[in-house]
Amino acid sequence: TQLLEQSPQFLSIQEGENLTVYCNSSSVFSSLQWYRQEPGEGPVLLVTVVTGGEVKKLKRLTFQFGDARKDSSLHITAAQPGDTGLYLCAGPNPAQGGSEKLVFGKGTKLTVNP
Amino acid sequence: DAGVTQSPTHLIKTRGQQVTLRCSPKSGHDTVSWYQQALGQGPQFIFQYYEEEERQRGNFPDRFSGHQFPNYSSELNVNALLLGDSALYLCASSFNRAQGYTFGSGTRLTVV
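As they're listed, the protein sequences go chains X and A. Heads up: the first sequence begins at 111 in our numbering, then just goes up one per residue. Heads up: the second sequence begins at 51 in our numbering, then just goes up one per residue.
Any given hint could be a false lead.
Said to hold, decoys possible - Here chain X is said to cover these stretches of chain A; the calculated rule only asks that three of the stretch's residues, wherever they fall, bring their Cβ under 8 Å from a Cβ of chain X: (1) 63–73; (2) 118–129.
Claimed, not checked - In silico SDA-like cross-links for lysine to any residue, where the CA-CA straight-line distance does not exceed 20 Å: (3) X:K219 with X:D177; (4) X:K216 with A:K76; (5) X:K166 with X:G150; (6) A:K63 with A:R113; (7) X:K180 with X:K169; (8) X:K216 with A:Y100; (9) X:K216 with A:L89; (10) A:K76 with X:L156; (11) X:K211 with X:D181; (12) X:K169 with X:Q124; (13) X:K219 with A:E103; (14) X:K216 with A:L138; (15) X:K211 with A:R107; (16) A:K63 with A:D112; (17) X:K211 with A:Q94; (18) X:K216 with A:N109; (19) X:K219 with X:G162; (20) X:K211 with A:F114; (21) X:K166 with A:G150; (22) X:K219 with A:Q94; (23) X:K219 with X:H185; (24) X:K167 with X:S141; (25) A:K76 with A:F119; (26) X:K211 with A:A52; (27) X:K211 with A:D80; (28) X:K169 with X:V157; (29) X:K166 with X:H185; (30) X:K211 with A:K63; (31) A:K76 with X:R146; (32) X:K211 with A:E103; (33) X:K211 with A:L138; (34) A:K63 with A:F114; (35) X:K211 with A:H79; (36) X:K180 with X:Q124; (37) A:K76 with A:T55; (38) X:K216 with X:E127; (39) X:K216 with A:F110; (40) X:K211 with A:F145.
In short, the hints are calculated from the structure, not lab data. Don't be surprised by glycine CBs; every beta carbon is placed ideally from N, CA and C.
Could you build all of it, start to finish, from the sequences and the hints given here?
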């Protein structure tokens, strides 16, 4: 059973379109992180959200943490080919209080076509 | 400022053999975590080292072991390799968990 469910699993869009990807759980997380991973590379941290209802913006990327801290979303405005990659959400294992052990979702594989 | 460095980048081993993967953390980081990422999956936590001791461990068998050295670098050892151990092995370093983790580019291990 996946603690973090990401949807959609695959997304292929045209340059300039907007998109939203989701990360959901039945468990409460103390924080959630979003990473982007390109083929042959390790994940790169984009943002950490900590407070329920928090919204963070990183250029064209907007991250939101759900009020109940069970879900998060990533919205990309005017997607560009450089946004192509695997988007992963992750958080400290809620079953282990104060855990350093990150649990990851399976990711959303985004392809932005020129 | 070098980030997390992993070696080797690629490795092919035969079933039953043993392998050692290496990781140098980002400068200023003292904690190293190892993850296994199978194709099409998110990374799975193997274990974490801090102050040269294993601090936490995921659901991996004892064939997976590790070590951290006084300079904070780390090794991951896998004994009696199985075909299912084929994956990308990622090392992540951190100093303060709230600041997130820095991942290396990984070692692609193929077991044949």
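Results for each hint:
{"no.": "1", "hint": "63–73", "in the structure": "violated (count 0)"}
{"no.": "2", "hint": "118–129", "in the structure": "violated (count 0)"}
{"no.": "3", "hint": "X:K219 with X:D177", "in the structure": "26 Å, violated"}
{"no.": "4", "hint": "X:K216 with A:K76", "in the structure": "26 Å, violated"}
{"no.": "5", "hint": "X:K166 with X:G150", "in the structure": "28 Å, violated"}
{"no.": "6", "hint": "A:K63 with A:R113", "in the structure": "15 Å, holds"}
{"no.": "7", "hint": "X:K180 with X:K169", "in the structure": "25 Å, violated"}
{"no.": "8", "hint": "X:K216 with A:Y100", "in the structure": "27 Å, violated"}
{"no.": "9", "hint": "X:K216 with A:L89", "in the structure": "10 Å, holds"}
{"no.": "10", "hint": "A:K76 with X:L156", "in the structure": "17 Å, holds"}
{"no.": "11", "hint": "X:K211 with X:D181", "in the structure": "18 Å, holds"}
{"no.": "12", "hint": "X:K169 with X:Q124", "in the structure": "19 Å, holds"}
{"no.": "13", "hint": "X:K219 with A:E103", "in the structure": "36 Å, violated"}
{"no.": "14", "hint": "X:K216 with A:L138", "in the structure": "14 Å, holds"}
{"no.": "15", "hint": "X:K211 with A:R107", "in the structure": "8 Å, holds"}
{"no.": "16", "hint": "A:K63 with A:D112", "in the structure": "19 Å, holds"}
{"no.": "17", "hint": "X:K211 with A:Q94", "in the structure": "9 Å, holds"}
{"no.": "18", "hint": "X:K216 with A:N109", "in the structure": "17 Å, holds"}
{"no.": "19", "hint": "X:K219 with X:G162", "in the structure": "26 Å, violated"}
{"no.": "20", "hint": "X:K211 with A:F114", "in the structure": "16 Å, holds"}
{"no.": "21", "hint": "X:K166 with A:G150", "in the structure": "15 Å, holds"}
{"no.": "22", "hint": "X:K219 with A:Q94", "in the structure": "18 Å, holds"}
{"no.": "23", "hint": "X:K219 with X:H185", "in the structure": "14 Å, holds"}
{"no.": "24", "hint": "X:K167 with X:S141", "in the structure": "16 Å, holds"}
{"no.": "25", "hint": "A:K76 with A:F119", "in the structure": "14 Å, holds"}
{"no.": "26", "hint": "X:K211 with A:A52", "in the structure": "24 Å, violated"}
{"no.": "27", "hint": "X:K211 with A:D80", "in the structure": "16 Å, holds"}
{"no.": "28", "hint": "X:K169 with X:V157", "in the structure": "12 Å, holds"}
{"no.": "29", "hint": "X:K166 with X:H185", "in the structure": "11 Å, holds"}
{"no.": "30", "hint": "X:K211 with A:K63", "in the structure": "28 Å, violated"}
{"no.": "31", "hint": "A:K76 with X:R146", "in the structure": "19 Å, holds"}
{"no.": "32", "hint": "X:K211 with A:E103", "in the structure": "15 Å, holds"}
{"no.": "33", "hint": "X:K211 with A:L138", "in the structure": "18 Å, holds"}
{"no.": "34", "hint": "A:K63 with A:F114", "in the structure": "15 Å, holds"}
{"no.": "35", "hint": "X:K211 with A:H79", "in the structure": "17 Å, holds"}
{"no.": "36", "hint": "X:K180 with X:Q124", "in the structure": "30 Å, violated"}
{"no.": "37", "hint": "A:K76 with A:T55", "in the structure": "8 Å, holds"}
{"no.": "38", "hint": "X:K216 with X:E127", "in the structure": "23 Å, violated"}
{"no.": "39", "hint": "X:K216 with A:F110", "in the structure": "18 Å, holds"}
{"no.": "40", "hint": "X:K211 with A:F145", "in the structure": "14 Å, holds"}
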